[in-house]
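> All the letters of the sequence shown, read from the start, carry residue numbers -25 to -1, 1 to 291 under mature numbering (1 follows the signal peptide of the UniProt record, and there is no 0).
No wet-lab data here; the hints were simulated from the structure.
It cannot be assumed that every hint is accurate.
[Stated by the list, open to error] For lysine-lysine, the following DSS-like pairs were computed, each having C-alpha atoms within a straight-line distance of at most 27 Å:
1. 139 <-> 71
2. 71 <-> 85
3. 85 <-> 51
4. 71 <-> 56
5. 56 <-> 85
[To be verified] Now the in silico label distances, taken between C-beta atoms and shown as ranges:
6. 123 <-> 235: 19 to 25 Å
7. 279 <-> 76: 48 to 54 Å
8. 47 <-> 181: 39 to 45 Å
9. 163 <-> 30: 19 to 25 Å
10. 209 <-> 282: 19 to 25 Å
11. 178 <-> 253: 20 to 26 Å
12. 161 <-> 253: 25 to 31 Å
13. 120 <-> 198: 19 to 25 Å
14. 258 <-> 124: 24 to 30 Å
15. 182 <-> 128: 33 to 39 Å
16. 202 <-> 275: 15 to 21 Å
All figures in this text were calculated on a predicted structure; none of them were measured in a lab.
Built from N, CA and C at the ideal position, the CB exists for glycine as well.
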Amino acid sequence: MLAHWNPSGIALVSLWLLIITTSTAFSSLDDGRPVAIITGGTRGIGSGIASALADDGFDLLLTYNSNVQAAQDFVKTLQDKHPSIHCELVGGDLSKEETRHAIFDCFDTKFDGNSHHLQVAVHNAGQYLGVTSTNEAGLDAQSTSFGDNSILDENGIPNLQAMKFYQRLYGDAWIDLCERGIARMNSANGGSLIGISSPSVNSMYRPDPTYSLPGSGKCIMEYSNRILALKGAAMNINCNVIIPGVTLTDSWNYSARQYGAKSAEEIIDRAVSSRVPMKRPLDVRGIGDVVSFLCSPQGRYITGVALPVDGGMHLR
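Based on the sequences and whatever the hints tell you, model everything.
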């Protein structure tokens, strides 16, 4: 079911059948401005990426999962700083194909044909099941890992529901975003594809068994990144993955509760002191600035890499 939001009200439908397309035009379309699609672009690392690209003169199509108010509040901050920006919001679970259809329906309706061109697509959205957000599948938090029987059900059969959810969220959604994104880019302007991965997914990092299931999805992202970079090069499109380290987002509040810390600051300090050689965390705008560079003429020659932005965390 597709529900269109308008200022007079929100269609009342079952929460997880809801895909909200918010048409928030802060100005008339300015012909020729580049467009960036950023999944999960209204909170956390995604908000840092959106802020950086807004500063670079991009119009934006941002997605969010279910927190409509937080998404609208963030876009208002962009409006206050950039009165000429045109921004669209699309809400819904990115593991669902319907949500991804809504993203490109929105782009084709609101931007394509107005002398706009898609120049950047960033897949940043993510979650820890049952912890940092809700999900359409209704899956709860799980403490499972490969190789220790924790993934087996009471009949000794592997329960792969959560693994498949993460593979849809990080694998399917990434490939979908890139393939449809490339089809809307052109070689004259070029373009950039960026995926946001996580520590422990590739061989630069020690493996983390607690990240087994989400990591399986991000492995799809990291491998396909190199193929997309190889194919995209002829079209003047670069493709890279960024691996953030300890980054200041509200997800640390959940980690604090999970590990019995008194506050998010305490758990961040623990992580920094034990794992980050530079002994400091990074704010979300720091990741946004790296995305900005990779999407710029100066950074466009970099392609096909998985780039740690982690203060040396990958060296430990």
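> Determine whether the Cβ-Cβ distance between residue 202 and residue 275 falls within the hinted range of 15 to 21 Å.
holds (18 Å)
> Are residue 47 and residue 181 spaced within 39 to 45 Å by their CB atoms?
The hinted range 39 to 45 Å holds for residue 47 and residue 181, with Cβ atoms some 40 Å apart.
> Lying within 25 to 31 Å: is that true of the beta-carbon distance residue 161 to residue 253?
Given range 25 to 31 Å: violated, Cβ gap about 40 Å.
> Looking only at beta-carbon atoms, does the pair residue 178, residue 253 fall within the given range of 20 to 26 Å?
Cβ of residue 178 to Cβ of residue 253: about 22 Å, so the range 20 to 26 Å holds.
> Taking 27 Å as the top limit, are the C-alpha atoms of residue 56 and residue 85 close enough?
It holds: about 22 Å lies between the C-alpha atoms, which stays within 27 Å.
> When you check the alpha-carbon spacing of residue 71 and residue 56, does it fall within 27 Å?
violated (33 Å)
> Assess, step by step, whether the Cα of residue 85 is no farther than 27 Å from the Cα of residue 51, and give holds or violated.
holds (19 Å)
> Residue 279 and residue 76, beta-carbon distance inside 48 to 54 Å?
Taking Cβ atoms as reference, residue 279 and residue 76 lie about 29 Å apart, which means the hint is violated.
> Check the following: the C-beta atoms of residue 209 and residue 282 are separated by a distance inside 19 to 25 Å.
holds (22 Å)
> Verify the proposed pairing of residue 139 with residue 71, using a straight-line Cα cut of 27 Å.
Answer holds: residue 139 to residue 71 is near 12 Å, not above 27 Å.
> Against the range 19 to 25 Å, how does the distance between the Cβ atoms of residue 123 and residue 235 compare: consistent or not?
holds (22 Å)
> Below or equal to 27 Å on CA atoms is what counts here, so check residue 71 against residue 85.
holds (22 Å)
Of the numbered hints given earlier, the model fails hints 4, 7, 12, 14 and 15; all others are met.
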